[in-house]
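The chain contents come next:
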Amino acid sequence: MVPEGKPEIDKTVRAVLRDVLGISAERAAAFRDDTPLFGALPELDSMAVAGVLTELEDRLGILIEDDEVDGEMLETFGALAGFAAAKALQ
Amino acid sequence: MITCYDWAGGREAMLRFGPADGPIVVLAMPLFEEANRTRVFAVTLLRALAEHGIASLLPDLPGTGESLTELEEISANDWVESISVATGGRPSHIAALRAGCLIAGNAPALSRWYFAPTTGEAIVRDLIRTRQIADREEGRAFDPAELDADGPPIEFAGNRIPRSLLRALREAESDQMPPCRIVRLDGDPHAADRHVPGVPLWRRSEPDNDPALAALLAEDLAQWVRRCAS
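In order, the protein sequence lines correspond to chains U and P. For the first sequence, position 40 matches number 40 in my numbering, and the numbering has no gaps at all. For the second sequence, position 216 matches number 216 in my numbering, and the numbering has no gaps at all.
Careful: at least some of the hints might be erroneous.
[Unchecked claim] Okay, the calculated beta carbon distance ranges per label pair:
id	chain 1	residue 1	chain 2	residue 2	range
1	U	A30	P	R136	23 to 31 Å
2	P	V40	U	A25	20 to 28 Å
3	U	A29	P	C4	32 to 40 Å
Rather than coming from a laboratory, the hints here were simulated on the basis of the structure. Since the model is a prediction, treat every value here as computed from it, not as a measurement. C-beta atoms are modelled at their ideal positions from N, C-alpha and C, and glycine is treated no differently.
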């Protein structure tokens, strides 16, 4: 089942960051909308960005185009979750 | 135990686990960077399988690991052939992780068992994305149309991959002829015979292990092989 609804998608984005970056469940659970990601999380290098986006595509049944990937969507947890929700719920 | 096998293009290393007789499983590894990230996990899984009394082989694919053949000389058919000859003609059960199913799926087998199978299209897309993100950081741009033009191998995260291999992989689908069992992770919405808890180690930048998942999969695979062998 592909997750539906914003809270479900937030949960999926959190799980993807936890699983792909190998960070603890406690750390992932503490992410707020304004928690900075890219540039702030040492685990999130360019190689990991590709893994996060591809895993999001798989779990949410979405396709992320190359021209949609920019610094803004990865700036904060809220920006990434908002991007994922806009894609998955359209 | 470390052993080896011969294929048309040379000799490759292979690990062997478990008893000398009874059913035997050949494990096809994921491709490229994903193989490095799951190597320890695969060995943990096959050791656990041996504890269930089932033998297995883990062949290095030509052009990967310690192979003397360069990846840039490899075709998708070489990989299918290497999986077929690794058993020395002994009828075997095939297990595959991720894109391993694209190779193993086309080799003859008594049964097939796939964990988190993926399509060739998804693997090639992932390679392109990784390259595009890395290039952008360095102020360059990678054009995926390069895959369809003639030219030298293209480098993706340290792997020089021939364009013909990329094009063949992009079209590759796994054979799911019965008997075939598919196991996926809980978060994976695709259809499967079973979903299990665990983390997608193939996405991690640093290699890691998940012994609980390996134990669970080994038990599932052991039961499946016994059912198919009886």
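Hint-by-hint comparison with the structure:
A hinted range of 23 to 31 Å holds for the C-beta pair U:A30 and P:R136, which are about 30 Å apart. Checked against the hint of 20 to 28 Å, the C-beta distance between P:V40 and U:A25 comes to roughly 22 Å, which is consistent with it. Here the CB-CB span from U:A29 to P:C4 is close to 48 Å, at odds with the stated 32 to 40 Å.
Of the numbered hints stated above, the single one contradicted by the structure is hint 3.
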